[in-house]
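Model the placement of chain R on the given structure of chain S, informed by the hints.
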Amino acid sequence: MRRNVLLVDDEQEVLYSLQQGLTRYNEVFAIMTAGNGEDAIKKLARDDISLVVTDLKMPNTDGFGLLAHVMEVYPDIPVIVMTGYSTTEMERLANEGGAVGYIAKPFKTSMLAELILTWLRREADGGTLHNVSSGMFLQLIEMEQKTCTIRLADRTSGKRGVLFFRDGELLDARVNGVKGEEAAHHIFSWEEVTLSIENICRCGEKKIEGELQAILLEAMRLKDEQVKASVVPRKKPKKMVAVSSGEGKGEEKETALELLKKRLMGKIGTRYGVRKIYHDNAWDGLLGQMGRMGKFFSFGSLSLTYMDIGTSKDVILLPGDKTIMIPVDSKCPRDRMIHTLLAETDGNSG
Amino acid sequence: MNISMNNHFDELLNLRDVKGLMLVSFEGQLILKEFVGSFSSEPKSDDSWALFIHSLRGAREIEVFYENGRIYIRKTEIGYLFVITGASAPMAMVRLNCDMLVPAMKKMVKRDKFKGLFRRN
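Listed in order, the protein sequences are those of chains S and R.
So in this note's numbering, spot 176 of the first sequence is number 176, and the numbers just go up one at a time.
So in this note's numbering, spot 50 of the second sequence is number 50, and the numbers just go up one at a time.
Read the hints as simulated data drawn from the structure, not as lab findings.
Every residue gets a Cβ at the ideal spot worked out from N, C-alpha and C, and that includes glycine.
A couple of the hints might just be wrong.
DSS-like, lysine-lysine: derived pairs with alpha carbons at most 25 Å apart [said to hold, decoys possible]:
#1 S:105 - S:159
#2 S:206 - S:331
#3 R:75 - S:179
#4 S:223 - S:43
#5 S:295 - S:322
#6 S:295 - R:106
#7 R:33 - R:75
#8 S:262 - S:322
#9 S:159 - S:262
#10 S:295 - R:33
#11 R:75 - R:106
#12 S:207 - S:43
#13 S:223 - S:331
#14 R:75 - S:313
#15 S:331 - S:159
#16 S:262 - S:42
#17 S:295 - R:75
#18 S:331 - R:75
Covered stretches of chain S, as calculated for chain R (at least 3 residues, CB under 8 Å) [what the hints assert, rightly or not]:
#19 296 to 304
#20 307 to 320
Here chain S stands alone, though its shape is the one from the complex (with noise of 0.2 Å):
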């Protein structure tokens, strides 16, 4: 996708003659001008810049002004100061106030695009995917608890918003003048984005405190919400089918159960909303096959599989003696509960 860079100068003629020069760049970013720091302040509000260009000395607001703003405010939005006063102390002072780049006027716009472009790219060395779906951007969260800025585009609305991880927990959010958690309810509820993951994070503070899990699921009933005040109302979910075979039955047999039982709710109960944990000799056979399938690669014996079956329901399932069976919510953060229940059982399911 195509980025807006902010030039920033009070020097008309030094707007107009960059701007010509990095037209040719045009296919990978656009360019934007303001003449002075609350011309650019207002832009940056308004609209969605990638990058922002700045000379120092300016009537009103002037280039530290400026930079202080994007890094309090923008903290994912790199800056690259330019001045034609120059000195090592003012080089200084743009680096320490968080400039990515400094360069001294006059120079070649060839330089000034090679340092735009060096920026730009890094906002995706984490990658970049396309069309992504809800669900699989949950998964992009789990991941490896990173420590990232996420930049997503909605595909049907065409906004773009920002997520700011640390070690795996968000930090902040940003659409247009929203920020946290009324931003991330909204990123949240797009169905299908473009994402570009930078590794590193510049947000400092933790603006949002919520868990993510609460989040989602507070994006996906605004989202709810607003359809059905705005289309025909939903038919109810069927009920799911208990498939629960001896759940309750013969109570002294389900001392090992009951154990575990207690066990695991307790680190995954309240925390991934589990409420039921049972045998089921219903998937005997496939945990059977599954345990074959193990031994035919070398694998060992079979630890846990996780099911999702289609409904809101998602399924893991333990072997043993008895098959057993924890329904999970579908939008459960997967991975942590996966592992979380493998160090859990590691040897003691059956």
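This is chain R only, laid out in the frame that chain S set:
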């Protein structure tokens, strides 16, 4: 993303610790297989696949965890895709790649361009 089908499969196979791919039709025919390196024995087309596919009960996605490896199974337009991995494969990336692969396979099936993607073993 305009990536060819082969690239999708290559991307999957190039992921860390991915050991192989298999595609088995809903009727239990082993359509395609590709392995990185070698296993002591590779799966062959026989009747046991039909039983296995039947036991999946039409599930959309299955992740199977073993002591020393994993198998990710994904329903596609023409059957089940099996991704055979070691224990350290990035499962989220495997899923993501399959999420992109499945619609691409659907298009290929519609265009009848599916043959010849893999060498047959």
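Comparing the hints with the structure gives:
no. : hint          : verdict
1   : S:105 - S:159 : violated (35 Å)
2   : S:206 - S:331 : holds (24 Å)
3   : R:75 - S:179  : violated (38 Å)
4   : S:223 - S:43  : violated (29 Å)
5   : S:295 - S:322 : holds (20 Å)
6   : S:295 - R:106 : violated (32 Å)
7   : R:33 - R:75   : holds (16 Å)
8   : S:262 - S:322 : holds (17 Å)
9   : S:159 - S:262 : violated (45 Å)
10  : S:295 - R:33  : holds (18 Å)
11  : R:75 - R:106  : holds (11 Å)
12  : S:207 - S:43  : holds (24 Å)
13  : S:223 - S:331 : holds (15 Å)
14  : R:75 - S:313  : holds (17 Å)
15  : S:331 - S:159 : holds (24 Å)
16  : S:262 - S:42  : violated (56 Å)
17  : S:295 - R:75  : holds (23 Å)
18  : S:331 - R:75  : holds (19 Å)
19  : 296 to 304    : holds (count 9)
20  : 307 to 320    : holds (count 4)
The earlier numbered hints that this structure contradicts are 1, 3, 4, 6, 9, 16.
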